[in-house]
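There are 2 protein chains.
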Amino acid sequence: MVSVFDREHFQGKCLEFTSECCSIHDCGLDNIRSIRVESGAWVGFEHHDFQGQQFILERGEYPNWEAFSGSLSYHTERFMSFRPIYCSHHSSRMMIFERENFMGRSTELSDDYPSLQAMGWFKPEVGSMHVQCGAFVCYEYPGYRGQQYIMEDDKHSGDYQAWRNWGSHCQTPKIQSIRRIRH
Amino acid sequence: MVSVFDREHFQGKCLEFTSECCSIHDCGLDNIRSIRVESGAWVGFEHHDFQGQQFILERGEYPNWEAFSGSLSYHTERFMSFRPIYCSHHSSRMMIFERENFMGRSTELSDDYPSLQAMGWFKPEVGSMHVQCGAFVCYEYPGYRGQQYIMEDDKHSGDYQAWRNWGSHCQTPKIQSIRRIRH
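As you go down the protein sequences, you meet chains A and B in turn.
Going by the numbering used here, 171 is the number at position 171 of the first sequence; the sequence numbering is gapless.
Going by the numbering used here, 105 is the number at position 105 of the second sequence; the sequence numbering is gapless.
Pulled out of the complex, with its shape left as it was, chain A reads as follows:
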């Protein structure tokens, strides 16, 4: 369950959700300025219909926009739709590839990696990815910072052929840290 508020610090109009919301306008909210995640893992989106910049939301309190956004350069303060992340497996496993369409050098990931380069990946970019089971968050910079992309085994059969389909506003193949989503 997630509680969303139209003012910072859990003030103002409050709505509770147990399933996805494709447009907060249709629920009578203009914007979301604070969030309390009571259970599960969720992903928030900048635009309606699960488009635009993504925000991973795990259990806890997000009193303002800064708390759920991971990126400064692309500062919109818009939060228009969200949905739960279903993690059907207890374990998470994915492959990352040097080039698009699952070509070039590759490696398997099944842990959390605050620095892909520290664990042996040879450059700050990833060409393509395949999620075999579970769900991951991929980040532009080391240490789980910058743009976030949620990758799930039940979306596109877990196939992410190129950086253009990591998210609808993705502008770079840079991926420098990756971690599992767990409940």
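One or more of the hints may lead you astray.
Derived DSBU-like pairs: lysine-lysine, alpha-carbon spacing no greater than 35 Å straight-line [as the list claims (entries may be wrong)]:
{"hint": "1", "chain 1": "A", "residue 1": "Lys123", "chain 2": "A", "residue 2": "Lys155"}
{"hint": "2", "chain 1": "A", "residue 1": "Lys155", "chain 2": "B", "residue 2": "Lys123"}
{"hint": "3", "chain 1": "A", "residue 1": "Lys155", "chain 2": "A", "residue 2": "Lys13"}
{"hint": "4", "chain 1": "A", "residue 1": "Lys123", "chain 2": "B", "residue 2": "Lys13"}
{"hint": "5", "chain 1": "B", "residue 1": "Lys123", "chain 2": "B", "residue 2": "Lys155"}
{"hint": "6", "chain 1": "B", "residue 1": "Lys123", "chain 2": "A", "residue 2": "Lys13"}
{"hint": "7", "chain 1": "B", "residue 1": "Lys123", "chain 2": "A", "residue 2": "Lys123"}
Worth flagging that the hints you see were computed from the coordinates, not collected in a lab.
Once you have looked at the hints, place chain B on chain A.
Leaving out everything else, chain B in the frame of chain A:
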């Protein structure tokens, strides 16, 4: 080793370091605007002499201020000193306590926790901490976001009695995610 640059995207004057720097001014730089960490884990500080806001820096590329800062609300774009983090142990272990001075309810941590509440901690604050071995990064918000505090077993004997000594500019006892620092 870490390479620092006085312009974004690894441009401008470049200096390389293999050990701590307590003042970049003394090294002839006005500011640091991009960083490439070649090896090890480092911590950067907003002010000279390892004071102020902290930034964990692991292997990889940080092309601009956004990439190494974790917090929007406290936007200074100053980066004046840094030092390596020594992780003498292969494993990391710490205790968190409900109240100051190691009082109240407690729990032991030895893994990465994107949400402390999801793993059973009962509120968004921590009263005090003791690092038994290794080093951790603690974050204000879930998902490794917001203000960062580096906690090490070889600083203050691993004792962090209250939120005022988590960092020289710490203003809140909020800690909602914690992870180990590994090389």
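Check the hint pairing Lys123(B) with Lys155(B) against an upper bound of 35 Å on the C-alpha distance.
holds, 26 Å
Is Lys155(A) within 35 Å of Lys123(B), Cα to Cα?
Given that 35 Å is the threshold and the Cα spacing comes to 33 Å, the pair holds.
Against the 35 Å threshold, does the CA-CA distance of Lys123(A) and Lys13(B) hold or violate the hint?
Holds, because 23 Å separates the two Cα atoms, which is no more than 35 Å.
Just to be careful, I want the Cα atoms of Lys123(A) and Lys155(A) compared with a cutoff of 35 Å; is the pair within it?
holds, 26 Å
Between Lys123(B) and Lys13(A), is the straight-line Cα distance small enough, at 35 Å or below?
holds, 23 Å
Would you check the hint for Lys155(A) and Lys13(A), treating anything up to 35 Å between C-alpha atoms as holding?
OK: Lys155(A) and Lys13(A) at ~32 Å, within 35 Å.
Is it true that the CA of Lys123(B) sits at most 35 Å from the CA of Lys123(A)?
violated, 39 Å
Hint compliance for this structure: hint 7 is the single one not met.
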